[in-house]
Amino acid sequence: MTAILSVRDLHINFGGVKAADGVDLEIFPHELVAVIGPNGSGKTTFLNLCTGYISPSQGSVTFEGQAITDLRPRQITRRGIARAFQIPQLFTGHSLIDNVMLAIAAQRGIWQPFRPLAQREYLDEARRTLGLLSLDEAADLPTATLPEGMRKLADIAIALALKPRLLLLDEPTSGVSTAEKFPLMDKIVSVLRAGKITALFVEHDMDMVERYADRVLVWDAGRVIATGAPGEILRSADVLERVIGVS
Amino acid sequence: MTLRHIIGLALIAAVLPLAVPWLGFVFTLAVGKGLAALGVAVLLRGGLISIGHALYFAVGAYATAFLMRNDGINEFLLLLLLSTVVATLVGLVVGVFMVRYRAIFFAMLNLAVSMVFFTLLSKMYHVTGGTDGLRVATPTLFGFAPSRVQFNSVLQYGSLILMIGAALIVDRYLRSPLGEALSAVHSNEVRLEYLGVSARRVILIAYAASAALAGLGGTVTAFAVGHIVPELSYWTISGQLVLIAVLGGIGGTPGAFIGAFFLELVRTFAVGFAADAWNVIIGIALLIVIFFLPEGLYGLLHRTGKQGSTP
Chain A
-2 MTAILSVRDL HINFGGVKAA DGVDLEIFPH ELVAVIGPNG SGKTTFLNLC TGYISPSQGS
58 VTFEGQAITD LRPRQITRRG IARAFQIPQL FTGHSLIDNV MLAIAAQRGI WQPFRPLAQR
118 EYLDEARRTL GLLSLDEAAD LPTATLPEGM RKLADIAIAL ALKPRLLLLD EPTSGVSTAE
178 KFPLMDKIVS VLRAGKITAL FVEHDMDMVE RYADRVLVWD AGRVIATGAP GEILRSADVL
238 ERVIGVS
Chain B
68 MTLRHIIGLA LIAAVLPLAV PWLGFVFTLA VGKGLAALGV AVLLRGGLIS IGHALYFAVG
128 AYATAFLMRN DGINEFLLLL LLSTVVATLV GLVVGVFMVR YRAIFFAMLN LAVSMVFFTL
188 LSKMYHVTGG TDGLRVATPT LFGFAPSRVQ FNSVLQYGSL ILMIGAALIV DRYLRSPLGE
248 ALSAVHSNEV RLEYLGVSAR RVILIAYAAS AALAGLGGTV TAFAVGHIVP ELSYWTISGQ
308 LVLIAVLGGI GGTPGAFIGA FFLELVRTFA VGFAADAWNV IIGIALLIVI FFLPEGLYGL
368 LHRTGKQGST P
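Respectively, the protein sequence lines represent chains A and B.
Throughout the first sequence, residue numbering follows the numbering used here, covering -2 to 244 in sequence.
Throughout the second sequence, residue numbering follows the numbering used here, covering 68 to 378 in sequence.
These aren't lab readings, by the way, just hints derived from the structure by calculation.
No experiment lies behind these values; they were computed from the predicted model shown.
No incorrect hints appear here.
Not the full set, but computed from the structure, chain B residues with beta-carbon under 10 angstroms of chain A:
#, residue
1, R242
2, S243
3, P244
4, G246
5, E247
6, H253
7, S254
8, L259
9, G263
10, S265
11, A266
12, R268
Here are the simulated distance ranges between beta carbons:
#, chain 1, residue 1, chain 2, residue 2, range
13, B, V163, A, D21, 38 to 44 angstroms
14, A, R75, B, G293, 49 to 55 angstroms
15, A, E145, B, V82, 53 to 59 angstroms
16, B, T198, A, F11, 52 to 58 angstroms
17, B, V163, A, S233, 51 to 57 angstroms
18, B, A342, A, P144, 52 to 58 angstroms
19, B, I236, A, T224, 53 to 59 angstroms
20, B, F358, A, H201, 42 to 48 angstroms
21, A, D21, B, I236, 53 to 59 angstroms
22, B, A170, A, H8, 31 to 37 angstroms
23, B, F358, A, S57, 54 to 60 angstroms
24, B, R71, A, H201, 52 to 58 angstroms
25, B, V160, A, F111, 22 to 28 angstroms
We put the CB at the ideal spot given by N, CA and C, even for glycine.
Construct the complete structure from the given sequences, taking the supplied hints into account.
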């Protein structure tokens, strides 16, 4: 099977810190891949490199067979990679539904100066997207007033509204209470499966990884040190020691 | 809501001069400033403060004077259109550089460009008439040559129609995906880029639109006064445009015009009985607005409207 995303020999340094030190990996269509690793191991930097937020000093990123290494975030987004952030990135001056409608408009063509954003078609689709994540009741609230867990979900709803083929989720359930984590991730995963969206999620909770991931990438010091099925990876003594600090 | 408010304002501005004729001229000047302030208000939606928009105000006015020179174009509507187009094009060219900057850098760069233009207008005597300025003759209307008095009435009511049109079109633009994206630039530019939208392009369109509005305002002013001077592009005018936009409120497009009518009226009346104090009056009004009416004078109207409509 051809990879949807393939990364070759990616390097980037921040001063003396090697945030990416020869990253090589492939993500295959319809996979749900978990990214684990200790803090500062370069997981978020990897997402930044894949989405053009920073450019690597060396190496290449290929999406659906085309090089995207030096493209800007907006160009990469338009090619089909969407991202949800560790710290939710919302339009705080707008209501939740407006946030999602902006994403829908962005995906279909934002350059309409005279049709209202709040048109029936966009409203319906935005409500449907919010419904997938049980956010419909908060639709008309200003995003600035939402609690953190909902803000995370709102960020994911915006990314989903872009109809991506690859979705990068940075700690999708951090800031969400333990009791809500599994129901929430159930929803996200069912949306991903239904939409045949390939996804990569950074996660610290090993129960989540074990339950949802098809495959795990273990990160340490800017490199992928192991990859495999969650069952096998999470039982590896070496991985446990490096990632969780359990020997 | 916008429709009702802007038509209400236009009706007041149309009726009052019937009782007090000289108010017609004051109101025409107010519409000219209001159009330019609306341009500034558009940029404020994107969190961008321009203290150089008198540049486009002057570009509109001087474009009209240049086009009319040596028996060039004399048709009123054509002049309005062409001068606005010239201001828009200048806005597009300057805008390409401006969209790279935000906050204080954006404000100061606009100021700098407008002051360079002011200097050029003042010094290039043979082209611009220097500090003496240029005369703007009475134009023709569909081929007719009206008297000055007839033309003034046409301009007075015509400018009110322009005001309604501009308020409605800009209101529509601000509610469109493109307009909402402009507010989104203000709250989260990173997310906008991650939606696949170029924030710079969104700002460039807003900038060109604001230049068009300021240019149109400058043309109306040139026709009303009949004479233009480099001071039209001076920084105090730019400051006034920001003041009008904030005073009127950026919550809705009628705000800029309400601010402009307020400013011109206070100024006019102050000349009569408090000639040295009008700046103080405006200053106090601005303080009151900043402290008690964050949505500007229009916010007051808007709020009363809302209270009235909900039981």
